[in-house]
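Undergrad: Construct all of the structure, not just a fragment, from the sequences and the given hints.
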Amino acid sequence: DAGVIQSPRHEVTEMGQEVTLRCKPISGHDYLFWYRQTMMRGLELLIYFNNNVPIDDSGMPEDRFSAKMPNASFSTLKIQPSEPRDSAVYFCASRASLAFDYEQYFGPGTRLTVT
Amino acid sequence: RKEVEQDPGPFNVPEGATVAFNCTYSNSASQSFFWYRQDCRKEPKLLMSVYSSGNEDGRFTAQLNRASQYISLLIRDSKLSDSATYLCVVNLDKLTFGTGTQLKVEL
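Taken in sequence, the protein lines are chains A and B.
Taking my numbering, I'd label the letters of the first sequence as residues 5 to 119.
Taking my numbering, I'd label the letters of the second sequence as residues 8 to 114.
By construction, these hints were calculated from the structure, which means they are not laboratory data.
All values reported here derive from a predicted model rather than from experimental measurement.
Misleading hints may appear alongside valid ones.
Here are some chain B residues pointing at chain A (derived, C-beta under 8 Å) [as the list claims (entries may be wrong)]:
(1) GLU50
(2) SER56
(3) LEU102
(4) GLY105
Quick reminder that beta carbons are idealized off the backbone N, C-alpha and C, glycines included.
TA: Written out as structure tokens, the structure is:
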């Protein structure tokens, strides 16, 4: 299996621009998670989906952030408009419902820099 | 108070040393516990689960003290390849990650 796939791996954009991050979970996994990691705050859960339905978006920082999962093999995280404080590494992770030990598999991350 | 607290380190230890990391969590209803490992500029990966009875996987031993809301990870005979950040993770209705403890194993 190719694992969780994220694109782009790096994104540099200017303040005010729209940013779209993409994720393909592992085939057969029905949970998908979006995290943000910074030095100051560590790894924070933004939102997660089960069977393509958003379950908990309480971690989404504000209305500038939105996430969708139109089908079982694709999800997007959009920031519009982007701000310098959004600079972070964004990870997507997936797991199966019956995963032993709730093991989540993370993608390689998207390193976002907003100037 | 943070939900999961860890000493950020770094812990600099010589090869072959034994090193222990600690973690505390705030929600006594937490159901399960894990250690994840994250290499520099890489994604986190599950290292091991933490059971009430304690569990061991080779050179790694994890312990849980529910009464004190405390989790530990012991690494024996540390190797250069153990250098990484170790994330304490607590599960209630979702996984909550600590900010991690950085380990550097030196020659």
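Undergrad: It remains to establish, for every hint, whether it holds in the given structure.
TA: Okay, the hints, checked on the actual structure:
For GLU50(B), the interface hint holds, since its Cβ comes within 8 Å of a Cβ in chain A; the closest pair sits about 4 Å apart. Nearest Cβ of chain A to the Cβ of SER56(B): about 5 Å, under the 8 Å cut. The hint holds. With a least beta-carbon distance of about 7 Å to chain A, the hint placing LEU102(B) at the interface is held under the 8 Å criterion. For GLY105(B), the interface hint holds, the least distance from its beta-carbon to any beta-carbon of chain A being 7 Å, beneath 8 Å.
Comparing the model with each earlier hint shows no violations; every hint is respected.
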